[in-house]
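Q: So you can see what is in the structure, the chains are spelled out below.
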Amino acid sequence: MTVRSHIRPFFLLFILLFSSAFSKIELNYSGEKSSATFIQEQGTKLYNLLDIKKYITADINKDILNDLLIISAKNGILKINYKTGMVYGVAHKKLLAAVKKNGVFLGTDFYLLLNKIIPEFIDIGANSIFITNSRPNIYSVNIEETKNGATISVLFSEILKYKIRQDGQNLAIDFDNGILSRQIAHTDTSLLNIEQMQSAQFSRITFMPKFIGKLKGVDRYPGKIIINYLLNKKIRQPDKPTKTVTIVIDPGHGGKDPGAIGYKGLKEKNVVLDIGRRLRKMLKRELNVNAIMTRDADYFVTLDNRTKIANRANADLFIAIHCNAAPYYKVNTAKGIEVYFVSEARDRSSKEVEARENAQPGKQGYVEKKHSDDLQMILLSQAYRAHLTKSSALAKDISSSLTSDVSMENRGVRQAMFYVLRGANMPSVLIELGFVTNPSDAKKLTDKKYKQRLTKDIFEGIKLYLEQFEK
Amino acid sequence: MNKKILWFLIALVIAIGIIAVILIYRSRPVPEPAGQIPVDEQKEVVYKEVTLFMSDTDAMYLVPVKVAVQDTAGLPAFVSEIVRKLSEPIADSDIVPSIPEGTKLLRVYPYGKQLILDFSKEIVDNHPGGTSAEMMTIYSIVNTMLYNLPDFDSVYITVGGMPRETLAGHIDISEPIYFNKGLIRPAPAPDTGTTQFSE
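Sequences listed follow chains A and B, in order.
Counted from 1, the first sequence has number 42 at position 32 by my numbering; the numbering is strictly sequential.
Counted from 1, the second sequence has number 158 at position 119 by my numbering; the numbering is strictly sequential.
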């Protein structure tokens, strides 16, 4: 028995008497009541958090407690880690408001323990579930046929902020922190097609009339938007594709975060910004695409905000640019360029056991030849699933274009669990331009002519991809 | 004596008593961090063969290396010793440590099939950066732990008692991490004194 266990009764007494550090709130999930205990991160040690089950009142269902471990939330995303899997969700407004009220600053990690969770499932992956455990705040869409057109009513929580964008006859509404109701998928679409997009940061509903006509007007009320269309009964021909391709270029690090610091003090943040600017210029000039940079100067952007920029721009591609570094400062021989796309090596199935059992010297079958075979894909969301193939193709196209001109060792296409790429709602890659810690690579990465050739090769790879997928 | 004063004095004595008991308990030493657990010198020192996964000099693959690790003082001390071994360079070999200098393992928490490892801030502050180096740091730890401790299926890395998004801006450590076969060097290398797995 540890010394700390002697203290527990008194610790509990203090919690009960002076519960300023622990505040209980009532939540409402899908109409059923749940309660939650928040434990502030400040001054709270990990072992207290892990032991907290013992401090919970006796009326709580032990089975639920057995499933709990740590729940963390950040920027409205709720992550629940429990013994049988991972759960991702969007935190309820009330939950976030309570966190603010109780002194846990939003945007920093905090822990909470839920007594009960009743999630509304959206997507179930092999070992993960994407859920919303809060009630939708965009309640319904109704379309009514009128004498000479259609009237659309969109009902939502009046605290939601939104923007309306018109593109010809089509109209899109972007809701900040919106959660779409499932009801919307069942809306009558005999007059209009409806497209929905749900991301962690916002949701979008796009209305596309099936008949020729025009948008008569949009009336805005608290929690309600009324859209009136004048439509005749001539079937509208599909619009000619006029969409401009949008590519978001993400130079890594910046500002207070220099990234890797290499040979002769070469800073990653400066190299990647330079290449990013060159790439933007080339893409705009030669392909006339809309090229957006997540940072175009030396300032810091959080990882979450980088993909937020891309998602809000409804970008077609997300290209993160980074420089590499050797793991051990005394050995700087690691060199070369590589292109990554995201993976999730979160296989908790029998593969690990199998690997462990087979991992004996001389035993066949332990090491596989291809990374793609090795890494078990756990699909976090439908968006991720849809973009994985394209991300892989983009990575291959860029990597194959690099071999032609660039005289740096090509380390090929690889996969890794990138935090920054996880939130992207579009095909995405991360290019490691070279090792700033290697004298030869570092020298090249400071040479203007080399950097221009390198940018040209990356550009050619993107162009090759666009010719296949975005024509 | 006034009854009110009497009750007040009784309440005061009880309060002082409670505070005194609490202070006595609080003055007792708290458990040492995992890395500093003293080994009972009376116990027989037991060594266990452990397969470390360490980075090659190209930062492409993890290479398995067999070492003997002291296993006498329970799981936290054993895990701390493994991390210490992972941090040491191996002379005359083509492998390098990928744990940043000065990194200490502060705490070890087994939780079901998850092993929670809490490192000191040096793992972030002294990290060289770059995707390859970051992958080598993370999977050197994760693969080594999961290979040698079959009771666990994942490792959750925290820094200074708190979860993080990444160590150096790339690889997601906000969730438990599983064994990564793809990073292990596929072909036998020239004789380096290290253990190789053949295909």
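These aren't lab readings, by the way, just hints derived from the structure by calculation.
Note that the Cβ used here is the ideal one computed from N, Cα and C, for glycine as well.
Treat the hints with care, since some could be wrong.
Said to hold, decoys possible - Below, a list of computed lysine-lysine pairs in the DSSO-like style, where the Cα atoms sit at most 30 angstroms apart:
no. : chain 1 : residue 1 : chain 2 : residue 2
1   : B       : LYS152    : A       : LYS340
2   : A       : LYS277    : B       : LYS143
3   : A       : LYS266    : B       : LYS143
4   : A       : LYS274    : B       : LYS143
5   : B       : LYS160    : A       : LYS340
6   : A       : LYS274    : B       : LYS160
7   : A       : LYS171    : A       : LYS274
8   : A       : LYS318    : B       : LYS105
9   : A       : LYS340    : B       : LYS105
10  : A       : LYS266    : B       : LYS105
11  : A       : LYS277    : B       : LYS160
12  : A       : LYS340    : B       : LYS124
As the list claims (entries may be wrong) - If you want the footprint, here are the derived chain B segments under chain A, 3+ residues with CB under 8 angstroms:
no. : segment
13  : 93-106
14  : 112-121
15  : 167-175
Q: Could you tell me which of the numbered hints above are not met by this structure, giving the numbers in increasing order?
A: 1, 7, 8, 10, 14
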